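Colleague: These are the residues of each chain, in order.
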Amino acid sequence: MTDANTATAFVRTAMLPQQPPPISQRGVIKWMRENLFSGPLNTVLTLVGLAAVFMILQGVLPWLLHGVWTAKSLNECRAIITKTWGDGADGACWAVIHERWPQYIYGFYPSDQYWRPNLAFVLMLVAIAPILFGAVPRQMLLFTAAFPAVAFWLLWGGSVWLAVVILAGFALGVIALKLGLRLGGAILGVGAAVLIPVLWWLFFAGSAAGALDALAPLDLVRVQSDKFGGFLLAFVIGICGIGFSLPLGILLSLGRRSDMPLIKYVCVGFIEFIRGVPLITLLFTASFLLSYFLPPGTTFDLILRVIIMVTLFSAAYIAEVVRGGLAALPRGQYEAADALGLDYWKAQRLIIMPQALKISIPGIVSSFIGLFKDTTLVIFVSLLDPLKGITDAVRASSEWNGVYWEPYIFSGSIFFIFCFGMSRYSQYLERKLKTDHR
Amino acid sequence: MNRTVFLGALTVAGLVASFASASTLDEVKARGVLNCGVNVGLVGFAAPDANGKWTGFDVAICKAVAAAVLGDPNKVKYVPTTGETRFTSLSSGEIDLLARNSTWTFSRDVDLKFTFTGVNYYDGQGFMVRKDLGVTSAKELGGATICIQTGTTTELNLADYFKTHKMTYTPIAIKTDAEGKQQFLAGACDAYTTDRSGLAALRAGFEKPDDYVILPEVISKEPLSPLVRQGDDQWADIVRWTENALIAAEEYGITSANIEEMAKGTTNPEINRILGTEGNLGAMFGLDKEWAKRAIAASGNYGEIFEANIGVSTPIGLARGLNAQWTQGGLMYAPPFR
Numbered sequence: 001m002t003d004a005n006t007a008t009a010f011v012r013t014a015m016l017p018q019q020p021p022p023i024s025q026r027g028v029i030k031w032m033r034e035n036l037f038s039g040p041l042n043t044v045l046t047l048v049g050l051a052a053v054f055m056i057l058q059g060v061l062p063w064l065l066h067g068v069w070t071a072k073s074l075n076e077c078r079a080i081i082t083k084t085w086g087d088g089a090d091g092a093c094w095a096v097i098h099e100r101w102p103q104y105i106y107g108f109y110p111s112d113q114y115w116r117p118n119l120a121f122v123l124m125l126v127a128i129a130p131i132l133f134g135a136v137p138r139q140m141l142l143f144t145a146a147f148p149a150v151a152f153w154l155l156w157g158g159s160v161w162l163a164v165v166i167l168a169g170f171a172l173g174v175i176a177l178k179l180g181l182r183l184g185g186a187i188l189g190v191g192a193a194v195l196i197p198v199l200w201w202l203f204f205a206g207s208a209a210g211a212l213d214a215l216a217p218l219d220l221v222r223v224q225s226d227k228f229g230g231f232l233l234a235f236v237i238g239i240c241g242i243g244f245s246l247p248l249g250i251l252l253s254l255g256r257r258s259d260m261p262l263i264k265y266v267c268v269g270f271i272e273f274i275r276g277v278p279l280i281t282l283l284f285t286a287s288f289l290l291s292y293f294l295p296p297g298t299t300f301d302l303i304l305r306v307i308i309m310v311t312l313f314s315a316a317y318i319a320e321v322v323r324g325g326l327a328a329l330p331r332g333q334y335e336a337a338d339a340l341g342l343d344y345w346k347a348q349r350l351i352i353m354p355q356a357l358k359i360s361i362p363g364i365v366s367s368f369i370g371l372f373k374d375t376t377l378v379i380f381v382s383l384l385d386p387l388k389g390i391t392d393a394v395r396a397s398s399e400w401n402g403v404y405w406e407p408y409i410f411s412g413s414i415f416f417i418f419c420f421g422m423s424r425y426s427q428y429l430e431r432k433l434k435t436d437h438r
Numbered sequence: 001m002n003r004t005v006f007l008g009a010l011t012v013a014g015l016v017a018s019f020a021s022a023s024t025l026d027e028v029k030a031r032g033v034l035n036c037g038v039n040v041g042l043v044g045f046a047a048p049d050a051n052g053k054w055t056g057f058d059v060a061i062c063k064a065v066a067a068a069v070l071g072d073p074n075k076v077k078y079v080p081t082t083g084e085t086r087f088t089s090l091s092s093g094e095i096d097l098l099a100r101n102s103t104w105t106f107s108r109d110v111d112l113k114f115t116f117t118g119v120n121y122y123d124g125q126g127f128m129v130r131k132d133l134g135v136t137s138a139k140e141l142g143g144a145t146i147c148i149q150t151g152t153t154t155e156l157n158l159a160d161y162f163k164t165h166k167m168t169y170t171p172i173a174i175k176t177d178a179e180g181k182q183q184f185l186a187g188a189c190d191a192y193t194t195d196r197s198g199l200a201a202l203r204a205g206f207e208k209p210d211d212y213v214i215l216p217e218v219i220s221k222e223p224l225s226p227l228v229r230q231g232d233d234q235w236a237d238i239v240r241w242t243e244n245a246l247i248a249a250e251e252y253g254i255t256s257a258n259i260e261e262m263a264k265g266t267t268n269p270e271i272n273r274i275l276g277t278e279g280n281l282g283a284m285f286g287l288d289k290e291w292a293k294r295a296i297a298a299s300g301n302y303g304e305i306f307e308a309n310i311g312v313s314t315p316i317g318l319a320r321g322l323n324a325q326w327t328q329g330g331l332m333y334a335p336p337f338r
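Respectively, the protein sequence lines represent chains A and B.
One point on numbering: in this note's numbering, the residue at position 222 of the first sequence is 222, and numbering is uninterrupted.
One point on numbering: in this note's numbering, the residue at position 96 of the second sequence is 96, and numbering is uninterrupted.
Treat the hints as calculated values from the structure; they're not laboratory data.
As the structure is a computational prediction, the values presented were derived from the model and not from experiment.
Hints are not guaranteed to be accurate.
[Stated by the list, open to error] Restricting the straight-line Cα-Cα distance to at most 30 Å, the calculated cross-link-like pairs of lysine-lysine (DSBU-like) are: (1) A/K358 to A/K432; (2) B/K175 to B/K139; (3) B/K175 to A/K373; (4) B/K53 to A/K373; (5) A/K227 to B/K29.
If we strip away everything but chain A, and leave its shape as in the complex, we get:
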């Protein structure tokens, strides 16, 4: 449209295509300039960091890459590495994990019974699903309630009826509570709910289990506690500890804030005592001191003793974490519950606890993670934990005498996966429950 010889001022009528920003202002280079080389100090730090990363990788990468996965002994591993990578080459011998995998996972659990821990693990996932995720049908909680007995039967074996009568005791307790509440109020209800199951377990459960067993024997091979080891043991102790310490911890935290002096001081005493004593001391007490006081011959299961101690230990910490959550609630919430005419338990259940627990999620989960990692301390009471117990046992065989890093890296990775998973879940839960008005 514009002529070449008309001398009008230059007016651009078409939009120029957008130019990319200069090379120093975009992409990787911009990011690097802003984040890595933004000043002399940062430049130096970046270079030092890079050098450090390079040196670590230079040492570790060949070792990882030269890894051998199938061999029968450490010497065979070394022979393979020398053969493939030349003299003086260094490499990881993952074959030890490959060869001793069942021991790391199940300890000395009989190999023809591996399906039992496997099944128990899958059922555990099913049982915790309704607790973790709201989308799962609520009826599943019934299975969750029955799961401890099912798992006990699967893992230790014996007659199924033992587990059934133990569960029946709890069911009786629930029925007694409901009937008692209807007929005679809270005191009768709670009294009956405690008394009737105890009477059942003490006097009738044994003979009932025997009779049922005679009628319809349904037995699994018994597996003694000393056969448990490795991650099976870590999971049994960890999950029991986590499962039982949360309710116990909540009760303790409520007890500590109670107006009734007896309950209050018992709870305070318990919490302060347990928190003041290292876990190893409690484990030692459970495993050795108890045998001095019990009449000889009456041993009760070592794993059970350890679970009890770990649960009590964790419950004391959970109690303090939950108490923190309770303290963070505004006074108005308690008053609102009172104004609605709710009794103590209803107020706790409907108003106080949902908010207090939400506040305490990070603390609770870090207690759980700590508990799960502390399960490796059971090596001190002669149980074969996956980190040191099994590793020492494996290292003591003449084939694997001399491996050092591989078992630690392996156990560490497994622990990391589960602990990281717990931590991610807690963050998901926090986001889901976030109802505040920022």
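For this one, chain A is given, so just place chain B on it according to the hints.
Modeller: What follows is chain B alone, placed relative to chain A:
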């Protein structure tokens, strides 16, 4: 104060209960299984294999005792014990017998109230160095850095030895053998010191074991012995004489291969008494005639056990040395079966 009274009452109750208890032999027989404390894992002495079957020099003692008492070497429950828990496990009654290469010392015997049933391995503290260091004797180690486990008798022995020889050294404290191995191989210390059997086992796991030498000096006495609780002499006798039977069996040439043959009767009355074809020694401590025969059949005589687990043909490769029979210039000497 109330708490003290309460604890006191509990202790008294515990003591009364333990006095009233049956003998260890009856308990083991009633239980049908021997609770045997072993090392969590020490190459050659006690280690579970991939199927959880325990083998080793110390484990063989457990098997022999179980065979003698219960008639089956497999009726053993192995309780892995750490250095910290071993003695508590034994005195609390968790285990009936501790076969965990423990040194027999005065205070353990007298103060901790145990009965050591007889040395099954004479050990002693030694040094291991890199071959290219050119050291041939521990007396040349003046000024060296030495890796040593803290809190052990070896630490005190080391200090004593260097003091007597007027030498100095720099200790590098380590916690476990596995950690010590890493330090030593990385060159953090010139020499590594622990029991010589431990040194041999450690060296067996090196990539190039031939690059390291164990120096000839033995700077301490470490008689390793199984032990039981004091106060039950019958049980201590059973363990002691089971060990003696294994040692005597080697002396008289009874092996797991020829034991059935010999049990038919021989011209040597001592062998006949051991194997129960003459007299009835077992009845004197509540066992049957063939207790020793079963104990020897469990994993062979002392020499066979030694060779199979820690002897020269194994990766550990320990020579018999002090642990040879007294007839071969060693210290293994079983009292007469009579």
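Colleague: All hints are to be evaluated individually against the structure, with a verdict given for each.
Modeller: Comparing the hints with the structure gives:
no., hint, verdict
1, A/K358 to A/K432, "holds, 10 Å"
2, B/K175 to B/K139, "holds, 26 Å"
3, B/K175 to A/K373, "holds, 21 Å"
4, B/K53 to A/K373, "holds, 28 Å"
5, A/K227 to B/K29, "holds, 22 Å"
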